[in-house]
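**Q** Use these hints to put chain B onto chain A, whose structure you have.
Protein chains: 2
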Amino acid sequence: MRLFLSVASLLLLLAPTVAAEQPNIVIIFSDDLGYGDLGCYGHPTIKTPNIDKMAAEGMKFTTFYSAAEVCTPSRAALLTGRLPPRSGMCSDTRRVLFPDSAGGLPASEVTLAEALKAKGYITACIGKWHLGHLPEYLPMKHGFDSFYGLPYVNDMDRVPDKGPKGRPAFFDPKIEYWNVPLMRGEKIIERPADQHTLTKRYTQEAVKLIKEKKDTPFFLYFAHTMPHVPLFASKDFAGKSARGIYGDVVEEIDWSVGEVLKTIREEKLDKKTLVFFTDDNGPWLLFNEHGGSAGLLRDGKGSTWEGGMRVPGIAWWPGTVPAGVTTQEMASTMDLYVTALKLAGADVPADRPIDGFDITPLLTGKGKSPRDTMFFYRGTRLFAVRHGPWKAHFITQVAYGKGAPTPHDPPLLYHLGRDPGEKFDVAKDNMEVVKQLKEIATKHSKDMKPGEPQLEKRIPPEKK
Amino acid sequence: MRLFLSVASLLLLLAPTVAAEQPNIVIIFSDDLGYGDLGCYGHPTIKTPNIDKMAAEGMKFTTFYSAAEVCTPSRAALLTGRLPPRSGMCSDTRRVLFPDSAGGLPASEVTLAEALKAKGYITACIGKWHLGHLPEYLPMKHGFDSFYGLPYVNDMDRVPDKGPKGRPAFFDPKIEYWNVPLMRGEKIIERPADQHTLTKRYTQEAVKLIKEKKDTPFFLYFAHTMPHVPLFASKDFAGKSARGIYGDVVEEIDWSVGEVLKTIREEKLDKKTLVFFTDDNGPWLLFNEHGGSAGLLRDGKGSTWEGGMRVPGIAWWPGTVPAGVTTQEMASTMDLYVTALKLAGADVPADRPIDGFDITPLLTGKGKSPRDTMFFYRGTRLFAVRHGPWKAHFITQVAYGKGAPTPHDPPLLYHLGRDPGEKFDVAKDNMEVVKQLKEIATKHSKDMKPGEPQLEKRIPPEKK
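From first to last, the protein sequence lines are chains A and B.
Per our numbering, the very first residue in the first sequence carries number 136; after that it's consecutive.
Per our numbering, the very first residue in the second sequence carries number 136; after that it's consecutive.
Check before you lean on any hint, since a few could be wrong.
[As the list claims (entries may be wrong)] Here are the simulated EDC-like cross-link-like pairs (lysine to aspartate or glutamate), alpha carbons at most 16 Å apart as the crow flies: (1) Lys558/B to Glu424/A; (2) Lys501/B to Glu464/B; (3) Lys558/A to Glu424/B.
Don't read these hints as lab results, they were simulated from the structure.
If you're wondering where the values come from, they're calculated on a predicted model, not measured in any experiment.
Excised from the complex, chain A in its bound form:
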């Protein structure tokens, strides 16, 4: 009996250590998927049974924000926990990195991969990078042990003299029009990348990684190339969805999510793996049927209206994240940085401002989100602020094209609880709220120290 008690006591003593075991972290990051494009977010004709099941087994966020309205700054913020201006990874003219860009994520930034690697994690980047394609900026210079994917966006390299100019090439995309390279590590292994099979091959890489690495904690940053235009699906999915090629592509990503979760279960890692599914920014509405839908939210990619930055967000970690919960609590991709560091037992960098929060209490069903405020930048400028349910737009601008920024004073004010579609400006009836949001914006802007701009730098023509 004494022995039995001793063993029990020992087990009790061990329990906190077991609970504090470093979990695997998997972030699945799609590209240009809209808030309304998944079954569990209400889409009528795209079938996403695997992601819907992930939501049913986990926590679905209805108020989850990417940190920017376009790709490069959004990814920089996810991997650094910092608003894009701090790292210099945003711009008012070029907006994202291009194949002629000479800039990239500065080495001085502490990426999620670096921080987790320092705590013993195996770190892998599968999919789209887009934080600098020159050798000094590639994933393996930023803390990743491995990289398999594209250095930038799938629409950025065209084969000269192939296919129609401009948008028509997107609406009838043929693989021979596009010239984006596929890399492994720091080497180009295929050019043009066969985009038809990218989602499938990324998934095979992810499954392989999960199977191989199961004795060491791992961080998998799985950043899909799709559903960014031009859209390509494998033959198992092409022509299958009621939603056309856009639906085919999203349904293949849904399949991919299913494969990842299935592998995690099969390897008995489900009790020690946090998987978070989200997206880099809203749907690219310019591309009509080849772009997604933000559901009832206003506008899409490129815009600081809700449709540009509110994205699907689903957390899955059986036994730790409660099942079947829908939360309206506010959170952001930048919070994933801080939360992952905390879960891994890493310190959050103390020598610089960090814009993320630890949402572990929310994820574990034990508390609320510490985030009550969100800053909406377009490029280097603060366009809007949300605090609680209220959002003030100080500047608005059409998502793409020649429209100039339109300042608003008083700002446009929306109550996102009662009016999630940002239809009814209620500033004049709520001047106290306007005042409070102005103060929050002023204080924030005063404290903001932008980093060296990276997106304007270009490779000199003679070096191209």
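**A** Positioned in the frame of chain A, the structure of chain B alone reads:
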């Protein structure tokens, strides 16, 4: 052994009879709820855990249509299985019945209640009627054993000289402005009805009915008054939802659905009760935050765009309707008429055109929907036709107000699979489809014999 076999054989012989047992039929019909207003249809700030659970335990339709864009014709079609012009329950001027209307659903129509009553069902109407408030048109003249609810809409009777005129009274509704009567059977029992507690009291009636009637099959037509403006919630729900009063009201309906399903389970009726939740038409967008949202669908109540007639649709019947299924198959409220009759062993009236289909194969997970076509009437005129994924608009008109009908030749054509938001007219690239839809419309219109118009009839002033 011989005896044992005989008993087994007897049981086998009995089995088909047991399987064919008449199920209870419950139709829960909300008023002006939008396609996008439930959690399981993607709303970010309205919480509907009970309806979401109903969907998770049953079948969620993404392509379910009410039979009209406004209230009276939609209800007439649900209860007769016939498009509104056939019963004369539609109009191009008044659109619905009013307190000064002298018309109503003709006695010659065979309502769902009459047909089920003839097969031994107890029939109850709880909630809003709106198919004629003169004595000869009330629910108990149309096959219902009991009625507890409002004869018409909650915004139609104003107390003279109380409150502001017109829309401001809706945006700051006080109970003393409104004078709609509450009836039991054919008697007015409360006037004005206390609208704060209508949802709660309807629910208590429904729960009582289910508890009392469990030895006889029953048909419960539970037609909520809410969320039609003016919006009122009980004190348990008022001020609770992030979506404001509209959300409070929908969350109380969600509670009500939960109470109904809970009672059905407690009474052990769940294996023999089909519950269908749906709505009469799209959200009334005119009323801003007091109106709902059609999600990514275009427009709302009063319109033949998808947002006016595509509504939430959820079937629940544990053990018979498969759990956790989302279907894109097309169905309509008129199909509930035919399906309920079939399930009850009743014949569908053979002496008149019926526009519904038996969707039992779909509901039981054994087949597809027999419906491949939907006709979109506004008042007496055919505005649009859907066939498969294609929808042609021959006429469009603003939902409310002075805009005239705009004919289109060629019609506007949308592919609702690829473009559920009806954004991209693709008629000129699909003239073969246009031709086919025109032929369907022409044939349908040739065969349509409208009934005597009911909605223009008015009570002579001296009798008011």
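**Q** State for each hint whether it applies.
**A** Verification of the supplied hints:
no., hint, verdict
1, Lys558/B to Glu424/A, "holds, 9 Å"
2, Lys501/B to Glu464/B, "holds, 13 Å"
3, Lys558/A to Glu424/B, "holds, 9 Å"
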